[in-house]
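Protein chains in written order, with my numbering: chain X, 1 to 312; chain G, 1001 to 1436.
Heads up, a few of these hints could be off.
[Unchecked claim] Negatives, chain X to chain G, calculated, CB over 12 Å: (1) Asn101; (2) Met181; (3) His240.
[To be verified] Stretch-level coverage of chain X by chain G, calculated; a stretch enters the list once three of its residues show a Cβ under 8 Å from a Cβ in chain G: (4) 57-67; (5) 79-93; (6) 262-276.
Honestly, the hints are just simulated from the structure, not real lab data.
Yeah, the Cβ is synthetic: ideal placement off N, Cα and C, and Gly gets one too.
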Amino acid sequence: MPPPLDQPAALLVASLVKRFGSTPAVDGVSLTIPQGASFGLLGPNGAGKSTLIRSIVGRVRPDSGSIRIFRHDVGSPAARADLGWVPQELALYPLLTCRENLHAFGRYQGLRGKLLNEAIAWCLDWAALADRAGSPVRTLSGGMKRRLNMAAGLIHRPRLVLLDEPTVGVDPQSRNRIFEMVEALRAAGATIIYTTHYMEEAERLCDTIAIIDHGQIIALGSKEALVAQAFGSRSSVTMHVGRGPIDLAAWAAARGGSATENALLIAVEKPAEIAVLLDAASRDGLEILDVALQRPNLESVFLHLTGKELRA
Amino acid sequence: MTTLRLLLTIMHTSFTSLRRDRGAFIMSFVLPIGFFTIFGFVFGGMRSSDTPRVTVLVVDQDDSAVSQALVRGLEREPSLDAITRPKPSKEDPAPADYTRNTAEAAVRNGDAPAALIIPQGFGAHPIAFGSAAQQAKFTILHDSSDPVAAQVVSGMLQKTVMMSLPATLASVGSQYFDTEIGGLTPQQRQQMDQGLAQLRKLQDDQNAAGKSQTGSSGLAGFVSIDIRDVVGGRKRNPMIAYYAAGVGVMFLLFTASAAGGSLLDESDSGALDRILSARVTMTTLLAGKLIWSALLAMAQLTLMFLWAWAIFHLDLFSHIPGFLVMTACTSFAVAAFGMLLASVTKTRGQLAAVSTLIILTMSALGGSMFPKFLMSNAMLMVGRFTFNSWAISGYTKVFWRDEPIRALGPEISVLLASGIVLFLLARWFARRWETV
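In isolation and in its complexed conformation, chain G is listed as follows:
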């Protein structure tokens, strides 16, 4: 009985302590619900329309009735976002259809993970049961930083050929039978022609109505496909820069939050009062801590990329300028974020709860925890409001696409501007530590 009373007292004391720290108390319940919701968005999809679709640029070099039917079939395919020409812009209100060169450039630039080239002659030999020389060979140009896209496009191409061109397939089959087997009797020929006529009508009706075909064909590999990595084909470890940046930024955010938390420690110990009664102003103090936190973040990121170079053969040393620029901007933004969190929260418990919620949320949405190609377009859009996304985007440009520093303009601007805004907000909230 005495032990039970002691246990109850211990539990009551713990509960009262948690309840008194209202921020930590609320976060104890908000944190799991918040996380559950985010994971639901990312993986579950709030609506079926949020299902990730693979963007593919389609280049029709054949421009035949058959190839046009295939393009329409691809456009109807729900798992693909088939695009034949760039979106109109102010500079180019009526853009031309993609060519092989412009599509390849777009893939290199990261505008789409894959491009499908429908070869000239496809209409004449849509499929070939005979020699490989007659086969129309499709080409998929892809960016292997999205390892899923090329496979999805390849599979969907096979499916679409089967489901969108039934008459064409049957006709080619008939010709093959004529040439390789010895032909049909007049009666068989007549029945065959009737069947083909019905199939053509069905094919035309389908294409005219824009209906999507579903179901499994059971016939795979009718078309020959050449898949080519046009971005990182010669790189030894394609995704390592992505993960170095993604994981690095996530832990940087935690470190920055902890570094900012030293303000709370100094406030608790009275050191903050002593410092501010000396010749140090709050702005100077915050700036000093910001610089320290940013330098710490830079050291962490540098170590992370050195490790990636040593263990995963990341080509670090031929990308030093871009790496330094991205590391400096990312570290500054992350440090300012840590200062803001510390200046908003009142206790270490609150800081831990709030920072965990925000950092893991940003990391989930921004691509630190899950590759972006697993996310729906809507979630990708939301992810643009996170440091993680911009940092990953910048590092990917540097290490994956080998782009020059001037191509990092958007990432540098967003990270620097966010850092400045967050620091100003931190300064504003830090007024509570000044005179009362």
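Here chain X stands alone, though its shape is the one from the complex:
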């Protein structure tokens, strides 16, 4: 949905290009993310996600194109104040306590005095770490560290929040806690950019999703729109196969589908079409291990568009 005319986009990326040597990491990306949106950015490893994110936070200087955050050039003091970044890494001081970490990162964001104390209290409460405020980070569990990592990035209550795979390596219980934290941010009106390798997270937390591959946005829209765009009213048939004498990708492409190393993904209008596929596979010497028919989801879309499993 386009933003109201009087309201600036939370993030405006225009024709962004960044090359490392002769390799384009980001190749002409344009994005407009309205205020209040929850935007998922998906892509296989090496697709250009990290370079795009680091460009948005001002850590990578693009070769061309522009990025504006609430109308401010990226890297400007106003843009920095409006942007909160939670990196993949646990970017914390391990010997400092939770409170001391929050104090340090709050000061780096220009907070002080009562505002800083209130922000620390809000962070500890938001991350459910109030009872561990005095514990050194190195004594925390993986999930607690992840939550503190998020809190440290958002202590200045930015309007645009960039969460880069915030649930990597955490247990299901902690993941749920992180989902609740993100949903609380959404409810408070923050604009969220969320990258993940977990499709269910994107489906739960994001209302708009972009898929990036080879440095380009290859699909953009709501989950329903992406599914409809890729599969229409068709269902998705996933066939896991053993070694066969033929080229799987070519076999799948001939039937309007795609293939990974050991799976074929083909869209069908009716379940009865599965029998036709099985006959053809048998005729061509393919060893079928199992067959599943499902309504297409984001995972199917991702596989269909990139030819790769999201978590591969």
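Chain G: place on chain X using the hints.
Positioned in the frame of chain X, the structure of chain G alone reads:
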């Protein structure tokens, strides 16, 4: 066999890890060779001409033929650098010979570790076998921060008197025999005079040819010497300020290097990215770390000198202004050095290797590990390019020579200027952590 394979795998993994960290890999081999070379320079001497020579200011109050012969003998002595007048300068292109007062002032000022005063009357009574009242008493004025110099000058004086003045010695011996024993027969007298004539000719030839005498006389103590400490005579522990500064600066350098290394830790953890994406610029970040590192260094030095006061009776509290100035300047320079090392190296392993090599080298050359009086002039000159040397020089002025703060101008200037230059270099190298 399985255990052997495991051992081989462990070794291979360790070797591959070391090889991948190219800086640490190279330093593993460069470090010992570098150190060996430095120790060779300091103690071995690359050439015999680098052998340490003791500088001694010579004041000839007698100005007789005998005393002049002695001065020439001292000037020929290879282990001494005997100087009779200051070097010409723009202000004083033709300086006068040292007097007792100017020589003493020069020793107090640290220009030379010792001065030798040849007393008036030395020519008349070069040595005395009889009463002590007739003996010409030499004076050595020395700075006991160099405990070797006075002993070397004293020994070389005895040797030079013996070897440079053979005729004089024989003549005095003859006179002693005449007065104390009862004299010689005319025939003995004639033979004695012939022998003395030959000795005089030999003495004159030697002095004219400028040949150096070598060998042991077996006769020591012909001249009477009064050795006086003119700098730290009343101080309770003469060298403690030297070692407090020397050892302190060496460990300060290690601490500063480690403190600077926090940049590498933050870079590895991603905290640096997070900090720089906030409102902190690289210059602010580096400046903050520089100030912290300098304060840490000041605390360390203060503790070191307090310990020296408590345990070794260093007179700290009557030198507070000079101590504070030197501590602040030294800490600033050392902190900037640590920042530069951290910004140049890429891993903690590289930082450890490079900093160890540079710090121990600077400490060896700058006087932190070995007293400067053990070093050759060439090595002393090289040592002037180290923090250690300037810091030791400044602290020595404060605690040993009791000089005022204005006398610390060279040390303050060098340390502050080095600190500024090193910090600017660190900032330049730190560009790699900014946007790519």
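Going down the list of hints, with the structure as the test:
Not every beta carbon of chain G lies more than 12 Å from that of X:Asn101, the smallest distance being close to 9 Å; the non-interface claim is violated. Against the 12 Å criterion, X:Met181 stays outside the reach of chain G, whose nearest CB is about 18 Å from its own CB. The non-interface label for X:His240 is consistent with chain G: the shortest C-beta to C-beta separation is roughly 36 Å, beyond 12 Å. Under the rule that three or more residues need a Cβ within less than 8 Å of chain G, the assignment of the region 57-67 of chain X holds, with 5 such residues.
Coverage of a stretch by a chain is defined here by at least three residues with a beta carbon nearer than 8 Å to that chain's beta carbons; for the region 79-93 of chain X and chain G the count is 11, and the condition holds. Remark: the region 262-276 of chain X is not confirmed as covered by chain G, as 0 of its residues place a Cβ nearer than 8 Å to a Cβ of that chain, below the required three.
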